[in-house]
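Participant: Residues per chain, in single letters:
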Amino acid sequence: MSTIEPAIGGGVPEPVSPLREAWTVYRRNAPAVFGTLLLFAIVAFVLYGTFIYKGDPYEIVWAPQTPPGVEATVPLGTDNLGRDLLRGLLKGGGPTLAVGAAAAIITLVIGILLGGIAGYFGGWIDDLLMRITEFFQVLPALLFAMVVITLFSPSTITTSIAIGVVLWPQTARLTRAEFLKIRELEYVMAARSIGARNGRIMWKVILPNALPPLIVSATLTVGVAILFQAGLSFLGLDDPNTMSWGLMIGTNRQYILDAWWPVTFPGVAIFLTVFAVSLVGDGLNDAFNPKLRER
Amino acid sequence: MGLTAYIVRRLIYGIILLAGVLVLNFFLIHAAPGDPAETIAGAMGGATAEMLSGIRAAYGLDKPLLTQLAIYLGHVAHGDLGMSYYFNQPVISLIAARVGPTILLVFAAQLIAITVGVVMGVLAARKPSGPLSAVITVLSTVGYAAPVFWTGIMLIILFASIIPIFPVDGMTSARFSGGFVAHVVDVLYHLALPAFTLAIIFLAQYSRLSRASMIDVLGADYVRTARAKGLSETKVVFRHALRNAVLPIITVAGIQFGNLISGALLVESVFNWPGMGRLAFDSVLRRDYPTLLGILFFAALMVVIANLLTDLSYRFADPRIRTGGR
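Quick note, the sequences are listed as chains A and B, same order. When we follow our numbering, the leftmost residue of the first sequence carries the number 1, and every step to the right adds one. When we follow our numbering, the leftmost residue of the second sequence carries the number 296, and every step to the right adds one.
If you're looking for bench data, these hints aren't it; they were derived computationally from the structure. Quantities reported herein were computed from a predicted structural model and do not represent experimental measurements. Ideal Cβ positions, reconstructed from N, Cα and C, are used throughout, including at glycine. Just so you know, not all the hints are guaranteed correct.
[Said to hold, decoys possible] Pair by pair, the computed Cβ-Cβ distance ranges are:
(1) B:465 / A:134: 28 to 38 Å
(2) B:426 / A:186: 40 to 50 Å
(3) A:240 / B:426: 41 to 51 Å
(4) A:19 / B:426: 26 to 36 Å
(5) A:177 / B:520: 30 to 40 Å
(6) A:37 / B:297: 37 to 47 Å
Looking at chain A on its own, in the form it has when it is part of the complex (with noise of 0.2 Å):
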């Protein structure tokens, strides 16, 4: 410890690396922490509620249309043909969320490879890329990844990468945002004179700079992509011997009006998934940009 103390105030303050300062406006964000307690409850429920209640949830077990909390066996009802609601919950959530996670993984990565390549180079390969990029904006995502899924039979994997494939604009948009700003900045070029080739640049040097906005851009795409699998399964263009949340709405939709249960469970679980995710994407926001926080 020094013994001279500065004139003003409590002297210079610690430096503090850019993660743990975000970190620290992170945990301040009450919808933030709410919104990424909410999704790990959703996650573990999904991942460990299958082995706790176990059971098919194809399987007819008890009268159609049971109303939730009437019987013990089946505690959130059945659904049209006498089918456990909780089971449909528990089995349907798994490939939902691992929809959404694949295809923003691949939305990211697409974006990444492409955005940053235009981005980077700039010139005709730039123009070249991004009037790509904007035919692909001008297809209309949710019908241009029902062509897609048509063309090549429903699966998990044909889903999430249909969704990937519609979804990747944006991202290309904002990698080439970020790269065309940090190229011009010194560390790049004293990366450059010290001779660094253009790949070790590009995924060395410009991405990891890049990636706050990206990380936030890839939160929200993950709940984008799950209304999008949500969306596509209810129209039943997903693989139907797949339980999702979003299937578990379509087969139940002829029957609102005389069982409300069956829609409204799988609803909530997409909603509360989504809502979670966009609480931590907006808080994740926050706490890169602290600018923009009075926003």
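Please build the complex by placing chain B on the supplied structure of chain A, with the hints as guidance.
Facilitator: Okay, now just chain B, sitting in the frame of chain A:
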């Protein structure tokens, strides 16, 4: 660059994009596993080898791929999108019968979302840390996170059995009689719930955006000047601030058009709205390629036109772009 030259350039660019859409869709569909001829035959109920080759000849499926593409592009240029395999009707007339309701739904939803969203955002911006701001932030996140088809179903349950004041099915009443005005009222009455459902997803973005944009603008010097002149708060907010805050909203409104069409596909399915969504769904299930191609093309056409209109309204809303451009 003059306005005319600008419009011409944008038009040409739009046409190139649309031609690209045609080429992409064509190759995507031909890259897929499965023989279209067998699909047609299947829809007609089993087929012999002769029948299959007959179908291939009738639909041009036996020609080389590039020839098929050239034939297709030539037909499209003449307004012919082919015959639907399943409906056995020209695709263009199938789409023509359904494009109106979809456009009506999309525009109504966009109008509701922008109006309500901007009003919410402006109100919230006047007290950025007030309770209304918090309520709007929560409401907009909630509206965004709920799947649109589920929101629609929940509204149907609400309005069909609990408070039956809005129709929940179709575009017109079955037992309908009356003149033109009565017909318009009937359609608007049926439009209320689907349009509101679709608008809910986009409310979030517009209210957040206009709130952020208004906070920026309200802190600007010219707003302080306007206040210093002694103008009423309403005049300051709506005449001076909002006009400047509206630019980012126009940009986003243009970008959202494709997403509105995507959302409309689901909303149409929930409310039995007789638009392109239902047709897309049917043609996907029947592997009805020409219809699917036609719908994708029309959807892209709608987006291109919307983008063009957005660009133009941007030029009118921001005098700097207009004068700087000339």
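Participant: Find the hints from earlier in the document that the structure breaks and name them by number, from lowest to highest.
Facilitator: Violated hint (a single one): 6; every other hint is consistent with the structure.
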